[in-house]
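Novice: Read off the chains here:
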Amino acid sequence: MEIFCLGLSHKTAPLTVRERLALGNDKTEQVLKGLVDGLAEAMLVSTCNRVEFYVAADTADAARERLRADVAGLGGPESLDHLYEHRGDEALVHLFRVAASLDSMVLGEPQILGQVKDAYELARKAGSVRGELSRACSAAFVSAKRVRTETGVGRAATSMASAAVEMAKKVFGGLAGKRVLVVGAGEMSELAARHLKTAGVTELVVTNRTFSRAEELAALVGGTARPYEELTALLVPADVVVCSTASPSPIFTRQNVQAQLKARRHRPLFMVDLAVPRDIDPAVNELDQVYAYDVDDIQKSVAENSAARASEAAKAELIIAEELARFVRAREVRDGVPVLARLRETAAQIAKAEVERTFQNLSSEELSDKAKTSIEAMAMAVVNKLLHQPTARLRETGAGDDFRLAEAAAELFGLDTPVSGGKR
Amino acid sequence: MTRSLLSVAIHLYGAAAVVYLSYLIRQFRALPVIGRGLVGLGLAVHAGSVGVALAGQGGLPSGIAQGFSIVSLVLLSIFFFLDLRYRIPVIGAFLMPVALAALVPGILLSKDAARLLPTAPRPLLPVHIAIALVGIASFGVAAGVAVMYVLMERQLKGKKFGVLFARLPSLAFLDDLNRRLVVWGFVALSATLMTGAFFASNAHGVFWAWEAKEIATLVAWVFFAAVLNFRLFAGWQGRRVALLTMAGFCILLVSFFTSYDPGRTTGTMP
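Listed in order, the protein sequences are those of chains V and F. In terms of the numbering used here, the first sequence opens at residue 513 and continues consecutively. In terms of the numbering used here, the second sequence opens at residue 787 and continues consecutively.
Extracted from the complex, chain F is given alone in its bound form:
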């Protein structure tokens, strides 16, 4: 049931990806509208599939595939909101393929979903996980926007006015969007660390165990804290920040993957 729902969602997203990519090449006005519709529909089906799955698992996600699925759901929701708010369908061409890349392997791997350890404390864990996923998704979108910034910047500097040039939004817009997304992501990441530490001290007696995922997440947090500080107090912006955002997202992905370390002790999501 959940798998077939997810498969429907993936097909909808796939169609939307094709629509957004063709919008990159030919700017028909209908394309963004169709894309928006497809993503909206896909999100509804996807949310239904995740909801059904989580209900069956007592509200907790399990396995890397489901993790990816939920990250994609949040990421696309953010995109959907941004598109409704700012009307920038071009982002779709960058984010839809990323979301699909995260979803498709998941549906193929979804059999080996590991069960969570029963020691997990009930009320806090789902909150912790949800916040962590929102954080990762925000940084994912921010990294996508950063890629767009770097591409646009390169065209402006090199004076090569290709297909993307006419389509991409202005540097100022992309930079501002990056700032907002990184701020949201950073707030979510901070909350993840705090709830994680609280949950760990409750479960294991120590709030910091120097596990790989803890270290990776902390490194990512310090990294983004530094980026935000440079932005706010030294006025850093533009290409430099875009490149840092991409690097930070890579660190965060490491933290995401290490949460699925087979030798882990706590057996939870980041």
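Next comes chain V alone, as it looks inside the complex:
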């Protein structure tokens, strides 16, 4: 069984291509169900920045053809030009890196882990992940969590929200009594809203395309929800605007912001765009008294910038390598491979050594070559007969999830295989 990954992301494909492949949950489920008819397991990660298929199949080549056909069917044949693929452990490394947000456009942004988890849940419900892929995902989540807690990579993204607050302070002095408009109700919006609240913002208005989610976030951070239709009118009372929507095109353009400026009576307006692709047209920044910042601008402002983050990313890669090695060892243990191999090797060595000793005790005249061969064969036959049943049992259980038997065998026979690697 081999894990195979095929997909495209912000690194390889333009937004127009990614958009065509962005599928809703129902469609995803349908695609997954189609895929498992032929492939062992399948999962589809679909965000605004990436669309990736992860499958487990007997051979990667068969999977590759299936997936390419699916991609061409969903996104048109030109999407095939933007695909990348990884197989075997490479595919695992990719999955681990994606979940840990090391492959994200904004390094360390917190949403991606949730998105991969959602993709996994969806596949689990559709019954398209079971054994290998399911274990690979759990391992990826564990490593992503370690990356988040043990390195500063995640902090880079949280610091985006606080850097945005710092920047707003450079315009307004303090934020006490300022009015904030939050557009979008995702994780990033919530993070920014919380930071602004801590900075002393008194009035917080949340708007979102799906109104119920705006209400949820508003209740969560202590603000009021307003319908998305009022979006541009909501600019008038606002001092700070934070955008983080999944909109593929800017929701604030030079025209629709400029139209509100007169009613604002020249009060400064600070707009932060935490979305990728951008929610605010960069031309908005050219307007008088309007300061529009996108993700890159905010990151630029974060002081001890690139060097520190690069070293955090290196730490994260190290964690991923560690977790991957642990996963691979655990898999070997599960498959019973090293235990079996070592068990057989050890047994063969013992048999061989005993045969040698027997030969040394007997003089060469007493033993013909034919007799010697027979004795050797008999010793190996005893070993094989003795080990036959355990071997079969180990193989059986190793194919499933249960690898307690392999651990027990290693323990019982004193084999120093890295069984501990499989323990969590």
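Hints listed in this document are in silico derivations from the structure and should not be mistaken for laboratory results. We treat Cβ as the ideally placed atom computed from N, Cα and C, and that holds for glycine. Misleading hints may appear alongside valid ones.
[To be verified] Mimicking SDA-like on lysine to any residue, the simulated pairs with C-alpha atoms at most 25 Å apart in a straight line are:
{"hint": "1", "chain 1": "F", "residue 1": "K943", "chain 2": "V", "residue 2": "D615"}
{"hint": "2", "chain 1": "V", "residue 1": "K774", "chain 2": "F", "residue 2": "W1022"}
{"hint": "3", "chain 1": "V", "residue 1": "K774", "chain 2": "F", "residue 2": "R1025"}
{"hint": "4", "chain 1": "V", "residue 1": "K681", "chain 2": "F", "residue 2": "F959"}
{"hint": "5", "chain 1": "V", "residue 1": "K681", "chain 2": "F", "residue 2": "F984"}
{"hint": "6", "chain 1": "F", "residue 1": "K943", "chain 2": "V", "residue 2": "P762"}
[Unchecked claim] A few chain V residues that face chain F, going by a derived Cβ cut-off under 8 Å, partial list only:
{"hint": "7", "residue": "L799"}
{"hint": "8", "residue": "Q801"}
{"hint": "9", "residue": "Q811"}
{"hint": "10", "residue": "E829"}
[What the hints assert, rightly or not] Chain V stretches covered by chain F per the calculated footprint, using a threshold of three residues with CB under 8 Å from any CB of chain F:
{"hint": "11", "stretch": "680–694"}
{"hint": "12", "stretch": "776–783"}
Assemble chain F onto chain V, guided by the hints.
Specialist: Here is chain F on its own, set in the frame of chain V:
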């Protein structure tokens, strides 16, 4: 005596300027405290020097050098007050060099101090002059603050976060300070025009003689009146007002210099 006192003050200011400028580059906590001390000491010595000089002249300043000296004194006093009140030593880096530029040429030129005409009416003239100097100094500080605003605004718009970015106060603070200073300056400028007209009508029989300094001062007054109106009633603020403040200060400087027109008739400060 007054010259050596003034020279001591200039040296103190010079040291303070160095301290404030280095604060711009390295934010050691001690620097603003040292700067504040130096400016305070300089102000005391400077005030002493001006006091001695004015006492010798019957309370009236004479000559462009002394004019500059008094404007610097008032300007630095305003800065000193602002620094004590709001703790914004960065302004020092902008104002100290300006004050020095006004003072140093003065001490070199201070020999040709012209005497005032004896026709000057005694009680009103010193008041008129003092108010005028306060006005100019306020607008001077306002123009300095406006420069800071424009610099800060440019960094925020251009997303270039240089050395100044971390040091400069927020746009809102600078804009608010500009508003206050312009209001004070405008009140002083209005009072200058009124006392000037009253004094002129007393001395010459006409309160408005269409002299260069009168015209320049009136233009400056109309200009700032317009700026304040736009600010109060049209909500103008920020960069636009900052640029206008700098322009207005330039007009005011013209009025200040024309008061020293050699062909003048009244022979007084603005």
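Novice: Now look at each hint and say whether the structure bears it out.
Specialist: Verification of the supplied hints:
{"no.": "1", "hint": "K943(F) <-> D615(V)", "in the structure": "violated, 30 Å"}
{"no.": "2", "hint": "K774(V) <-> W1022(F)", "in the structure": "holds, 11 Å"}
{"no.": "3", "hint": "K774(V) <-> R1025(F)", "in the structure": "holds, 16 Å"}
{"no.": "4", "hint": "K681(V) <-> F959(F)", "in the structure": "holds, 10 Å"}
{"no.": "5", "hint": "K681(V) <-> F984(F)", "in the structure": "violated, 48 Å"}
{"no.": "6", "hint": "K943(F) <-> P762(V)", "in the structure": "holds, 19 Å"}
{"no.": "7", "hint": "L799", "in the structure": "violated, 10 Å"}
{"no.": "8", "hint": "Q801", "in the structure": "holds, 5 Å"}
{"no.": "9", "hint": "Q811", "in the structure": "violated, 11 Å"}
{"no.": "10", "hint": "E829", "in the structure": "violated, 29 Å"}
{"no.": "11", "hint": "680–694", "in the structure": "holds (count 5)"}
{"no.": "12", "hint": "776–783", "in the structure": "holds (count 4)"}
Hint violations for this structure: numbers 1, 5, 7, 9 and 10, all remaining hints satisfied.
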